[in-house]
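A.B. asks: These are the residues of each chain, in order.
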Amino acid sequence: MNANHPTKKLFALIWIVLVVLHFTILGIAYYLKFFDTQLIAALVFIQMMLIILFFMEVRYTMKLIWMFVAAGFFWLCIQFVLVASDYLTRAWH
Amino acid sequence: MPEKNPIVAEQFEDAQQQAEAAHLGMWTFIATEILFFGGLFLAYTVYRHFYFSAFAAASKHTDVMFGTINSVILLTSSFTMALAVHAAKENRVKKIAPFLALTILLGLAFLVVKGFEYHKDLHDRLLPGANFDPSLPPQAQIFFWLYWAMTGLHGIHVTVGIGILTVMFLRARRGKYSGSYYTPVELTGLYWHFVDIVWLFLYPLLYLVQRHT
Numbered sequence: 001m002n003a004n005h006p007t008k009k010l011f012a013l014i015w016i017v018l019v020v021l022h023f024t025i026l027g028i029a030y031y032l033k034f035f036d037t038q039l040i041a042a043l044v045f046i047q048m049m050l051i052i053l054f055f056m057e058v059r060y061t062m063k064l065i066w067m068f069v070a071a072g073f074f075w076l077c078i079q080f081v082l083v084a085s086d087y088l089t090r091a092w093h
Numbered sequence: 094m095p096e097k098n099p100i101v102a103e104q105f106e107d108a109q110q111q112a113e114a115a116h117l118g119m120w121t122f123i124a125t126e127i128l129f130f131g132g133l134f135l136a137y138t139v140y141r142h143f144y145f146s147a148f149a150a151a152s153k154h155t156d157v158m159f160g161t162i163n164s165v166i167l168l169t170s171s172f173t174m175a176l177a178v179h180a181a182k183e184n185r186v187k188k189i190a191p192f193l194a195l196t197i198l199l200g201l202a203f204l205v206v207k208g209f210e211y212h213k214d215l216h217d218r219l220l221p222g223a224n225f226d227p228s229l230p231p232q233a234q235i236f237f238w239l240y241w242a243m244t245g246l247h248g249i250h251v252t253v254g255i256g257i258l259t260v261m262f263l264r265a266r267r268g269k270y271s272g273s274y275y276t277p278v279e280l281t282g283l284y285w286h287f288v289d290i291v292w293l294f295l296y297p298l299l300y301l302v303q304r305h306t
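Chains as they are written, first to last, in the working numbering: chain H, 1 to 93; chain A, 94 to 306.
It should be emphasised that the hints constitute simulated quantities derived from the structure, not laboratory data.
In this text, all values refer to a predicted model and were calculated from it rather than measured experimentally.
Derived list of chain A stretches under chain H, where covered just means 3 residues or more per stretch with a C-beta under 8 Å from a C-beta of chain H: (1) 107–119; (2) 134–147; (3) 165–174; (4) 288–297.
Taking lysine-lysine pairs in the DSSO-like style, the calculated list, with each CA pair at most 30 Å apart, reads: (5) H:9 to A:187; (6) H:9 to A:182; (7) A:269 to H:9; (8) A:182 to H:8; (9) H:63 to A:182; (10) A:188 to A:269; (11) A:269 to A:182; (12) H:8 to A:187; (13) A:153 to A:213; (14) H:8 to A:269; (15) A:153 to H:33; (16) H:63 to H:8; (17) H:33 to A:213; (18) H:8 to A:188; (19) A:269 to A:187; (20) A:207 to A:153; (21) H:9 to A:188; (22) H:9 to H:63.
Cβ atoms here follow ideal geometry from the backbone N, Cα and C, with glycine treated the same way.
Please model the complete structure; the sequences and the hints are all you need to start from.
C.D. replies: Shown next as structure tokens:
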């Protein structure tokens, strides 16, 4: 494993950013009428990446772990794409 | 014969190799968990696509205050968990158990808030079935089936996490972990952060659909 790891200050900063993003998401949901879903999805994605990279310390770990993390999401994408290609292209109603 | 480190199992060359193998194993488990929850997220996506107005109407019946409080609780618990791992890495042995205890308390707080929320949901007749709120469209029952299934499964994961954290806490108090050996604390942290991430996705999908209308 890599000997580097984040500092307590960085953890605190990440936590503050996560909470701020959380209330931003709440505000968007109540006050933004257009592109709210897309914007909320983008902000949740940023929250997820912050947790994975810093709290889970993937940024500081070996590349093989990066591949395993990516593989998890890649299989999820396959699951969504295959099912969506069926449900969204047939007249189910 | 060279003396072997007692914390290293015999199939490993050294502690680093053992830690790397453990991390890979944990990430493989998390990848399967992504697919496990992925099936439910997929079902949610398909039904939301077909019955968007019913999902929006149903989502407005969830209690956003409970959801928001629980989100902040879980984000904070991830922070304290990260600090527990950090303390172990820095060999500040006495700090590991208190940070784990804080994480456990925040996990319990999450479950208590969720319990109050479930109680309110039952009172508001939001459990799918014969007693379901008749003012909601029929497809809202699909939303609430997913709501109970997803938050229930997530709650089970939180409960399991609290159990593992409690074992880590007791072992940390006995001085089992230090700067030279803390892999179990790290792996518990990975699991706990994953549970937090799942909630971050559940929150907007269940509580924030079309809130502006």
